[in-house]
Amino acid sequence: MEFDFAEEQPKFLMLMYGLIAFVVVVGGLLLLLDVVPAWFARRREAQLVAASASGAPLPRRRRQGEGLFALFFLLPTLLLLTVGLVVPAIRTTLLSFMDAGSTNWVGLRNYGWMFSDDSIVRVLINTLVWVVLVPLIATGFGLIYAVLVDKARFEAVAKSLIFLPMAISFVGASIIWKFVYAYRGEGDQIGLLNQIVVSLGGEPKQWLLESPLNTLLLIVIMVWIQAGFAMVVLSAAIKAIPGDIVEAARLDGVSPWQMFWQITMPSIRPALIVVVVTLTIATLKVFDIVRTATNGNYDTSVIASEMYNQAFRYGQNGQGSALAVFLFILVIPVVIYQIRNLRQQREG
Amino acid sequence: MAVFTRPRQAFVIAGVLGLALSATACGTGDDKKSNNAGSAECAAYDKYEGHDGKKVSIYASIRDAEADLLRNSWKSFEDCTGIEIDYEGNAEFEAQLPVRVDGGNAPDLAFVPQPGLVKRFADAGKLKSLGADTKTMAEQNLPADWLKYGTVNGTLYGVPLGANVKSFVWYSPKLFKEKGWTVPTSWDDLIKLSDTIAASGIKPWCAGIESGDATGWPATDWIEDVILRTQGPEVYDQWTTHAIPFNDPRIVDAVNRAGTILKNEKYMNGGFGGVKSIGTTAFGEAGLPVTTGKCAMHRQASFYANQFPEGTKVAEDGDAFAFYFPAIDTAKGKPVLGAGEFVVGYTDRPEVQAVQTYLASAEYVNSRAKLGNWVTANNKLDIANVASPIDKLSVQILQDKSGIFRFDGSDLMPAAVGAGTFWKGMVEWINGKDTASVLQGIESSWK
Chain A
1 MEFDFAEEQP KFLMLMYGLI AFVVVVGGLL LLLDVVPAWF ARRREAQLVA ASASGAPLPR
61 RRRQGEGLFA LFFLLPTLLL LTVGLVVPAI RTTLLSFMDA GSTNWVGLRN YGWMFSDDSI
121 VRVLINTLVW VVLVPLIATG FGLIYAVLVD KARFEAVAKS LIFLPMAISF VGASIIWKFV
181 YAYRGEGDQI GLLNQIVVSL GGEPKQWLLE SPLNTLLLIV IMVWIQAGFA MVVLSAAIKA
241 IPGDIVEAAR LDGVSPWQMF WQITMPSIRP ALIVVVVTLT IATLKVFDIV RTATNGNYDT
301 SVIASEMYNQ AFRYGQNGQG SALAVFLFIL VIPVVIYQIR NLRQQREG
Chain B
349 MAVFTRPRQA FVIAGVLGLA LSATACGTGD DKKSNNAGSA ECAAYDKYEG HDGKKVSIYA
409 SIRDAEADLL RNSWKSFEDC TGIEIDYEGN AEFEAQLPVR VDGGNAPDLA FVPQPGLVKR
469 FADAGKLKSL GADTKTMAEQ NLPADWLKYG TVNGTLYGVP LGANVKSFVW YSPKLFKEKG
529 WTVPTSWDDL IKLSDTIAAS GIKPWCAGIE SGDATGWPAT DWIEDVILRT QGPEVYDQWT
589 THAIPFNDPR IVDAVNRAGT ILKNEKYMNG GFGGVKSIGT TAFGEAGLPV TTGKCAMHRQ
649 ASFYANQFPE GTKVAEDGDA FAFYFPAIDT AKGKPVLGAG EFVVGYTDRP EVQAVQTYLA
709 SAEYVNSRAK LGNWVTANNK LDIANVASPI DKLSVQILQD KSGIFRFDGS DLMPAAVGAG
769 TFWKGMVEWI NGKDTASVLQ GIESSWK
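Chains as they are written, first to last, in the working numbering: chain A, 1 to 348; chain B, 349 to 795.
In case anyone wonders, no lab produced these hints; they're calculated from the structure.
We put the CB at the ideal spot given by N, CA and C, even for glycine.
Do not take every clue at face value.
Chain B side only, calculated, beta carbon under 10 Å to chain A, not exhaustive [to be verified]: (1) E440; (2) D450; (3) A472; (4) T563; (5) K624; (6) G627; (7) K642; (8) A763; (9) A764; (10) A767; (11) G768; (12) G789.
Below, in silico cross-link-like pairs of lysine-lysine (DSS-like), each with a Cα-Cα straight-line distance of 25 Å or less [unchecked claim]: (13) B:K642 - A:K205; (14) A:K205 - B:K611; (15) A:K11 - B:K423; (16) B:K614 - A:K205; (17) A:K11 - B:K402; (18) A:K178 - B:K781; (19) B:K781 - A:K205.
From just these sequences and the hints, can you work out the full model?
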């Protein structure tokens with residue numbers, strides 16, 4: 001393979017511009033965050049010094065200036081949220097009441113279609129299966145692993161083994177698992193799963209073709225990725241349980257079983273909720289795995305992938321938007337629960 | 349916590365600003381190409397002159413090596429006219445194009461392979477109708493039935509560019525010679541040959557319909573070819589325009605006939621497994637066993653020639669070649685199924701029109717064909733410029749005035765059916781679902 005540096009020069013130039021732009025933007029932001037508060041702190045310091053020297057009463061903190069300051073930092077976020085989230089959400093909701101080309105109002109027809117079309121009902125059921133199983137299994141695995149590995153030898157190594165898949169993208173993970181499930185009609189099996197089946201004397205199977213088994217096999221991929229996240233968060237929570245409580249329980253002579261249910265579980269409840277909620281939201285939005293592994297064929301489609309297909313590939317904007325809105329509605333209660341929960345913790 | 353100590357801050361700020369300034373200074377350097385207009389080689393481009401320094405953006409699904417060929421094919425046009433063609437190819441083209449267009453970021457020109465998509469944009473008022481020059485050029489150089497596919501409600505929007513012939517069955521001339529098999533010329537011969545091959549212990553057919561996002565399309569081509577052969581072009585047209593239901597008994601009949609090959613465990617699927625393995629075999633790999641003798645025949649379009657590994661001789665006496673997918677009912681003639689892409693314009697600035705006109709011209713089609721691996725329905729193409737035997741055969745078929753040509757049906761249908769339920773339905777069909785309920789499902793999705 002020949003490589004001519006001079007010919008590739010424009011690309012390197014572009015790369016350099018990109019790096020410079022990155023340094024300018026990120027460096028600039030860091031500077032801003034560093035310089036501005038420091039300046040305010042210094043001014044306040046000077047004021048305090050001057051006030052104490054003259055013997056006058058200490059000046060009150062000027063709340064008004066800080067409010068403006070906060071607004072200054074909030075404004076870009078608010079602006080971007082409005083442009084990037086609020087406006088599209090409203091537009092999507094409006095589009096979901098319109099036809100494929102977004103020209104005529106059709107009322108609730110798209111929603112009617114969603115709950116009457118057999119293939120879409122299948123999609124909704126699949127999503128439900130995902131949402132029930134993934135958070136449950138991933139959190140369960142993560143929790144058991146975190147408890148078992150806690151304070152064990154080589155804890156760090158054992159934990160990083162489970163955490164590693166987190167570093168792989170969903171698409172990458174799906175491709176890896178597609179190889180695991182791969183099938184060859186004749187000759188040597190290249191798929192791990194089929195090789196195991198064959199060496200046990202069985203017939204190789206086309207795993208991803210059989211519903212509902214295939215949905216479960218796809219769920220395995222998501223669990224494989226997310227169990228590490230659950231494990232890390234829960235492990236940190238377990239480590240944060242005050243030592244004296246554990247000590248006291250030990251002195252009272254609890255069994256490991258009692259320790260788990262009466263000390264560990266209540267103590268890590270907030271972390272557990274965070275993990276389950278985060279996983280639930282991530283699972284509702286699952287798209288990459290299904291798209292990469294089966295592309296929604298063989299009855300494996302879920303809401304997010306069907307939404308993409310309807311809106312972008314089939315040109316059915318109305319139906320796609322209706323699916324998007326439905327997904328949005330499904331996420332809302334989870335988010336509300338999470339916010340309430342956070343608030344209770346802060347108050348309590 | 350302070351990130352920087354105070355004296356250093358000045359250095360950092362100065363450094364960052366300095367870099368930023370030097371970057372913008374670099375950016376202003378312009379490498380403007382000199383314009384060779386007036387030289388002898390440029391005489392052919394005289395009529396496109398007058399747009400020096402203008403830019404035209406083109407968006408299409410063609411990428412990598414094929415895209416480089418495209419860029420080369422219009423290089424001298426760019427040099428002579430001074431029009432810069434900014435080409436971008438995207439694997440997600442069909443999904444991204446509507447996003448770009450609706451988002452107000454439409455390209456100047458796009459190569460759309462689906463008349464259904466052309467219609468959708470035209471109906472939404474996004475497309476510009478062809479300029480007078482382009483229209484004249486297209487009408488002179490392209491067959492009327494091809495222009496029909498670029499026409500929506502009587503207005504011509506798309507100029508046919510590349511084309512391919514789909515009614516081909518790939519086989520290995522070497523293997524056929526060795527075993528004493530002859531190329532079949534009728535459906536009955538084809539079935540007889542399949543049985544002979546199956547009896548000899550080789551699976552006669554191989555097929556694969558996995559194609560990522562587009563999984564299922566190769567099976568739709570099978571169905572379309574069989575409908576054209578059993579029912580003729582009129583019924584085919586009624587079917588693609590939904591004048592008859594998708595599950596009309598005649599269509600059911602044709603799908604079942606395709607099933608006698610595709611869903612026949614005795615015939616399928618050379619080197620890959622049983623019938624169900626068709627669903628998970630990548631379409632690009634599906635025909636390769638033809639060259640290794642694991643299967644004997646593979647029905648796929650002319651462009652499949654590019655899929656064979658380097659060094660494969662694609663010729664009538666080579667490792668792989670294709671024969672015409674035989675007619676079933678001789679009274680219905682020798683129909684040909686094909687496809688191609690259409691150049692549509694989202695803007696109609698003069699330089700954009702110049703490029704669009706050029707792409708329909710004799711200069712362009714010949715300059716592209718000389719680079720290889722390309723076929724068009726444009727009748728100004730000199731067959732002497734086409735090197736590969738399979739491309740030659742395709743051009744002959746396309747330029748044959750007595751042939752009955754029909755465009756790929758799934759590309760003509762609305763995307764929700766043609767690229768949606770039809771593809772999906774074929775996947776389910778291969779996976780074991782019965783013909784009637786698959787076609788019923790597709791029919792109910794067509795609104």
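Please check whether A764 (chain B) passes as an interface residue: C-beta within 10 Å of a C-beta belonging to chain A.
holds, 4 Å
Under the criterion that the straight-line Cα-Cα distance not exceed 25 Å, is the pair K11 (chain A), K423 (chain B) satisfied?
holds, 21 Å
Let's test the interface hint: is any C-beta of chain A closer than 10 Å to that of K642 (chain B)?
holds, 8 Å
Holds or violated: A767 (chain B) as interface residue toward chain A, Cβ cutoff 10 Å?
Since chain A brings a Cβ to about 6 Å from A767 (chain B), closer than 10 Å, the hint holds.
Proposed proximity, K205 (chain A) with K614 (chain B) (alpha carbon, max 25 Å)
With a Cα-Cα distance of about 19 Å, the restraint between K614 (chain B) and K205 (chain A) holds, given a limit of 25 Å.
So, as I understand it, the hint says D450 (chain B) touches chain A; can you test that by seeing if any CB pair is closer than 10 Å?
holds, 9 Å
Quick one, are K205 (chain A) and K611 (chain B) close enough, alpha carbons at most 25 Å?
holds, 18 Å
Given hint K781 (chain B) paired with K178 (chain A) - CA-CA distance at most 25 Å
holds, 24 Å
Interface hint compliance - K624 (chain B) to chain A, C-beta minimum distance less than 10 Å
holds, 6 Å
Restraint check, 10 Å cut-off on beta carbons, for A472 (chain B) near chain A
Holds: closest Cβ of chain A sits about 6 Å from A472 (chain B), inside 10 Å.
Is K781 (chain B) within 25 Å of K205 (chain A), Cα to Cα?
holds, 18 Å
Agreement of hint A763 (chain B) with chain A interface, Cβ distance less than 10 Å
holds, 5 Å
The structure fails none of the hints (numbered hints given earlier).
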